[in-house]
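Colleague: Okay, here's what each chain looks like letter by letter:
Protein chains: 2
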Amino acid sequence: MSQVKKQARLPSKTKDSKSPDRELVRVQDLTPEKADQLIWLRARVHTSRAKGKQCFLVLRQQQFNVQALVAVGDRASKQMVKFAANITKESIVDVEAIVRKVEQKIESCSQQDVELHVERIFVISQAEPRLPLQLEDAVRPDGEGEEEGRATVNQDTRLDNRVIDLRTTTSQAVFRLQSGVCQLFRDTLTKKGFVEIQTPKIISAASEGGANVFTVSYFKTSAFLAQSPQLYKQMCICADFDKVFCVGPVFRAEDSNTHRHLTEFVGLDIEMAFNYHYHEVIDSITDTMVQIFKGLRDNFQTEIQTVNKQFPSEPFKFLEPTLRLEYTEAVAMLREAGVEMGDEDDLSTPNEKLLGRLVKEKYDTDFYVLDKYPLAVRPFYTMPDPSNPKYSNSYDMFMRGEEILSGAQRVHDAQLLTERAIHHQIDLEKIKAYIDSFRYGAPPHGGGGIGLERVCMLYLGLHNVRQTSMFPRDPKRLTP
Amino acid sequence: MSQVKKQARLPSKTKDSKSPDRELVRVQDLTPEKADQLIWLRARVHTSRAKGKQCFLVLRQQQFNVQALVAVGDRASKQMVKFAANITKESIVDVEAIVRKVEQKIESCSQQDVELHVERIFVISQAEPRLPLQLEDAVRPDGEGEEEGRATVNQDTRLDNRVIDLRTTTSQAVFRLQSGVCQLFRDTLTKKGFVEIQTPKIISAASEGGANVFTVSYFKTSAFLAQSPQLYKQMCICADFDKVFCVGPVFRAEDSNTHRHLTEFVGLDIEMAFNYHYHEVIDSITDTMVQIFKGLRDNFQTEIQTVNKQFPSEPFKFLEPTLRLEYTEAVAMLREAGVEMGDEDDLSTPNEKLLGRLVKEKYDTDFYVLDKYPLAVRPFYTMPDPSNPKYSNSYDMFMRGEEILSGAQRVHDAQLLTERAIHHQIDLEKIKAYIDSFRYGAPPHGGGGIGLERVCMLYLGLHNVRQTSMFPRDPKRLTP
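The listed protein sequences derive, respectively, from chains V and B.
Reminder that position 308 of the first sequence reads as 308 in full-length UniProt numbering, one-by-one numbering, no gaps.
Reminder that position 236 of the second sequence reads as 236 in full-length UniProt numbering, one-by-one numbering, no gaps.
Please note that the accuracy of each hint is not assured.
[What the hints assert, rightly or not] Straight-line C-alpha distance at most 30 Å; calculated DSSO-like pairs for lysine-lysine:
| hint | chain 1 | residue 1 | chain 2 | residue 2 |
| --- | --- | --- | --- | --- |
| 1 | V | Lys-243 | B | Lys-34 |
| 2 | B | Lys-432 | B | Lys-220 |
| 3 | V | Lys-243 | B | Lys-191 |
| 4 | B | Lys-294 | V | Lys-192 |
[Claimed, not checked] Just so you have them, the derived chain B footprint on chain V, three or more residues with Cβ under 8 Å:
| hint | stretch |
| --- | --- |
| 5 | 239 to 247 |
| 6 | 274 to 282 |
| 7 | 345 to 354 |
| 8 | 419 to 432 |
It is worth saying that the hints were derived from the structure and are not from the lab.
Remember, it's a predicted structure, so these values are computed and weren't measured experimentally.
Note that the Cβ used here is the ideal one computed from N, Cα and C, for glycine as well.
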């Protein structure tokens, strides 16, 4: 017993006796203030160039890098220079070095005013000598350096070797910004009194008729992967949570091989009860988007600039309050531009793009709401417009002419919902649980679902949603 | 064109002309300061009792409720009293009423000092007359009122009618607290410099040998649902994100019908590079848990008390810093208590529970870390203890004697990882992408995965994880 007692401990800092008593500095903190200090650093070998009795290394941590010199002299032997020169690129090393100010700025590094004079160097993790792609190539803007025969990296090579591709300054910036979008989304909604919910992804019935849904083997039966958390969000509204949001994967078994479709993406979902008009919902969502845009503009400028270096684009423009157009107005604008379409036709993707350009010209905004879609082109649970039954209380939101959100006021009356389902020839038995949710008092409500990867892609002016999905899934890609 | 221009608008507040210009007050704001004011309110009819020329309603919003009186007089007719008396329970109504101070506190309502004298009442959404369960029954503590023949509601009835069950004060408190756990988890880690990542749930290979994994039909091939985001978290570490977390669903095709197993639950996952010792990882995780416990204690006391009323439990105790015991010490404590087990045997669930009681007696904590598990009982990617190859740099964390986290230092060397996989007889072909991730320089790292529902269940002293999952999934339940 005393033996046990003696061994039990409440460690204030679990510094093991074997841990060296060192502080590792961050590359970004290597500034002239640290000049002449002896420091320890852990970093990757970004590049390495041996030249006689010297070896120049560039050491990298994420988007920051610094030049390091190993030179034959008092503290470094010829063998050590040779050892350093042989360390493979992308290996992780610990170095002990003196920080020295430099007379001429080192243009190729983020830390331009200092370099490191290395006294000791250890390899923590050795990279294999042949890298499947070169980081310099992976950040090169398309077309740049072509005359010198310099390569860029194609998308499949990037995605096949995502662990290396994600190390580039561009990827680091993209996914730090993506993390910011999620945080801004949640923080804004939490301040507005929304509650975060967790909804199941394995579901028993494909509510929207069973198209484009993945099937899962579930013990002795089968189930489906949720195409959206909508039904569960709505149940939470019927369960008095009033305003809810959730962030999670949604699954679409759509065989679409386009720049903007994924089979699995992250949905930022909102649902809320409203008092008198579904525009209360639109206002909440557009304000949330505006808070995200402002937060990115104000707090992620470094990341935006970094991405722009490789993928130039115009700064993202938005209005306050957000522009809201009605569907009939959009049709009129398109017709004026020469498009032939019926009043109740859905927008094709090219027409959405064209409309985005027309709206940009006219209103100078990259973000707007298109309201009052024809009822015929929306799902059965969409609330018809009470003043014109050909239209509906539904809306899409667009960034740079591409849809990022689809939403609507939902039918909250079990009787009307049943009628609408019958009209859409949906098997009532399959959606019984859904319809029953509205039988015990349901407030008027609406919401929408935002595609995280699309928001990031379009905000940054990128051209493929795979650039803003860490490990994208499409009909042809399941790995890594 | 002018037509289009005229219709386009930038609404500052999209108040439709049809929206009444009313402000709805919240039930929780109905206090004596509002006495004699005429107000509008939207709420559910919680209970209704007609008595001669009067009808007493209790109107509810989430956990708050207020008494309302409809009485024949100047503003209300006999017909109106009858109309009010016939409104079904759980219907949503709008009322216009005068707030009146009451002389005797209304003990049965959250708003004890006022009642409403109703002048107008409208039904916004009518509930069906027969409710599948009664809210009063659903919040009754087990055993209470049994002699009067009062019912409680069994778990399947609750879950089958979750939309109603979630309206109870207990459910509202549980899931608001759960929302708080997620927020505290993310906020703490964001402050520590962690980046949020999104990992795919559809994966091409079942990395841990293929047991307990759900299969998905994926176009012309098949895929699996991720049992944890671990491999992707690790890839992010290899991709220089340094410290990452994610919150998302994890899937276990385990045919376990216990109080603590779900087939789909929410994982709060952490992974980080460390400098010298994996205890840096343990310290980060335990500190995060402590911040969660403190945040709940300080900001969710109302919710905790509400749940305690129905499900009494001892307050959750924790130490700062967190208690860390080694596996050998735990085995010694168990043996001292009469348990027979070998040094390298895994802990059975009853022994975990017993150990929790022994630790509570000795150290007065409901939360602790068990460190240095026998290597033989951990997955192949677990780093062996360099000083004793029978043990490993791995740990579990426990709340009230039940496991809530499993974690470890991971093998970050491709060669060693290959050897460990062979030792575990794992098909190397299937984990090639995983092993290859470590070939291009990988920092030492570790992490762990926390089960959100278990944390909420055990923090609140509940006894079934289905109580802390909004729409639980187990081998026998796929709906709602």
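Colleague: It remains to establish, for every hint, whether it holds in the given structure.
Modeller: So, going through the hints one by one against the coordinates:
A distance of roughly 26 Å separates the Cα atoms of V/Lys-243 and B/Lys-34; the hinted pair therefore holds under the 30 Å criterion. Distance check on the hinted pair: B/Lys-432 and B/Lys-220 sit about 22 Å apart at the alpha-carbon level, within 30 Å; holds. With a CA separation close to 27 Å, the supplied pair V/Lys-243 and B/Lys-191 stays within the 30 Å bound. Taking the CA atoms of B/Lys-294 and V/Lys-192, the gap is about 24 Å. The hint holds against a cut of 30 Å.
Figure legend: the stretch 239 to 247 of chain V, annotated as covered by chain B; annotation consistent (5 residues with Cβ-Cβ distances under 8 Å, at least 3 required). Restraint check on the stretch 274 to 282 of chain V versus chain B: 6 residues with Cβ-Cβ distances below 8 Å, three needed, restraint holds. With 0 residues having a Cβ less than 8 Å from any Cβ of chain B, the stretch 345 to 354 of chain V misses the three-residue criterion, and the hint is violated. Counting residues of the stretch 419 to 432 of chain V whose CB lies closer than 8 Å to any CB of chain B gives 0, so the stated coverage by that chain is violated, three being the minimum.
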